[in-house]
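Q: Heads up: the protein sequence lines correspond to chains X and U, in order.
Read in order, the letters of the first sequence correspond to residues 0 to 102 in numbering that gives the first Met the number 0.
Read in order, the letters of the second sequence correspond to residues 0 to 162 in numbering that gives the first Met the number 0.
Since the hints were derived computationally from the structure, they do not count as laboratory data.
Glycine included, C-beta positions come from ideal geometry on N, C-alpha and C.
One or more hints might be untrue.
[To be verified] Taking lysine to any residue pairs in the SDA-like style, the calculated list, with each CA pair at most 20 Å apart, reads:
| id | chain 1 | residue 1 | chain 2 | residue 2 |
| --- | --- | --- | --- | --- |
| 1 | U | K125 | X | K96 |
| 2 | X | K96 | X | F86 |
| 3 | X | K56 | U | L131 |
| 4 | U | K84 | X | K56 |
[To be verified] Using C-beta positions, here's what the derived DEER-type ranges look like:
| id | chain 1 | residue 1 | chain 2 | residue 2 | range |
| --- | --- | --- | --- | --- | --- |
| 5 | X | V70 | U | R87 | 47 to 55 Å |
| 6 | X | L102 | U | R129 | 21 to 29 Å |
| 7 | X | S93 | U | R133 | 26 to 34 Å |
| 8 | U | G93 | X | Q57 | 29 to 37 Å |
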Amino acid sequence: MMNTVPISWYLVLSAVLFACGVTGFIIKRNIITIFMSIELMLNAVNLSFVAFAYQWKQLNGEVFVFFVMVVAAAEAAVGLAIIISVFRTRETLSVDKVDLLKL
Amino acid sequence: MMHTVLFIIFAVVCVAAAINLLAQRHPINSALSLIVVMGSLALLYLLLGAEFVAAVQIIIYAGAIMVLFVFTIMLLNAGEEELSKSSRVAIVFGVPAVAVIVAALAYILSRGAGTAALGDFIGGPKEIGRLLFRDFLLPFEVTSVLILIAIMGAVVLARREER
């Protein structure tokens, strides 16, 4: 039976990665690193999608992963543009110093 | 045996790189460890038979998105982050709380059934494409509109305003 791996291991790994993403989102102060933590969370969810697709032998889960990737790509493009425009107006990347809606 | 060994190797690499992402102070180091996480996740997808997703993971995530990140870090000349008082509070309270949540999740998830063996379920481009262009045709077309809007949004946001 050593030739197989329980699906639950993949799910636990996905939970650990998601928790790393949440921790990074909380403790990081650089806006780019916070954004990378969000990407890490999306990746963790993708892993559990693929694991469940395997468990039920259904390809729908993998198509969902494809859509998550599309949304992540769109989000990265818009988010990094927002970061660039925030840096232009405030000259900082620290989220503690970006606490006003209007300059 | 092969599957177990490969899973353990890449799971350990994955988690180590994710923790390294949290531990590093400079964003470029975090970005490079995120690329390691994505590469090892692609190998885990291959172990689960998701060939198409693994290829897309490398091309889109490790290729396109991370290049965008590294490019932005270099463009903005991002330096090391400085810790503030609130982030120390977040470390003191947040990390144990997250550890408790992971332990609870792992306990619940580890009772799930089913095992994975190499090669008894393959999600290749042919099957994915058939599903994507037949059952998911409308969502697929909607994502093309979404990407178009994202491109326009990025151009408008990052453009320098003339005054």
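Q: Each of the hints needs a verdict: does it hold here or not?
A: Hint check:
1. Pair hint U/K125 plus X/K96 does not hold up; C-alpha atoms about 50 Å apart against a cutoff of 20 Å.
2. Between X/K96 and X/F86 the CA atoms are separated by roughly 11 Å; this keeps the pair inside 20 Å, and the hint holds.
3. This hinted pair checks out: X/K56 and U/L131 have alpha carbons roughly 16 Å apart, not beyond 20 Å.
4. Annotation: proposed proximity of U/K84 to X/K56 is violated, straight-line Cα distance about 49 Å (limit 20 Å).
5. Between X/V70 and U/R87 the beta carbon distance is about 33 Å. The supplied range of 47 to 55 Å is therefore violated.
6. Distance hint check for X/L102 and U/R129: the Cβ-Cβ separation is about 52 Å, which falls outside the suggested range of 21 to 29 Å.
7. The beta-carbon spacing between X/S93 and U/R133, approximately 48 Å, falls outside the hinted interval of 26 to 34 Å.
8. Checked against the hint of 29 to 37 Å, the C-beta distance between U/G93 and X/Q57 comes to roughly 36 Å, which is consistent with it.
When each numbered hint is compared with the structure, violations occur for hints 1, 4, 5, 6 and 7.
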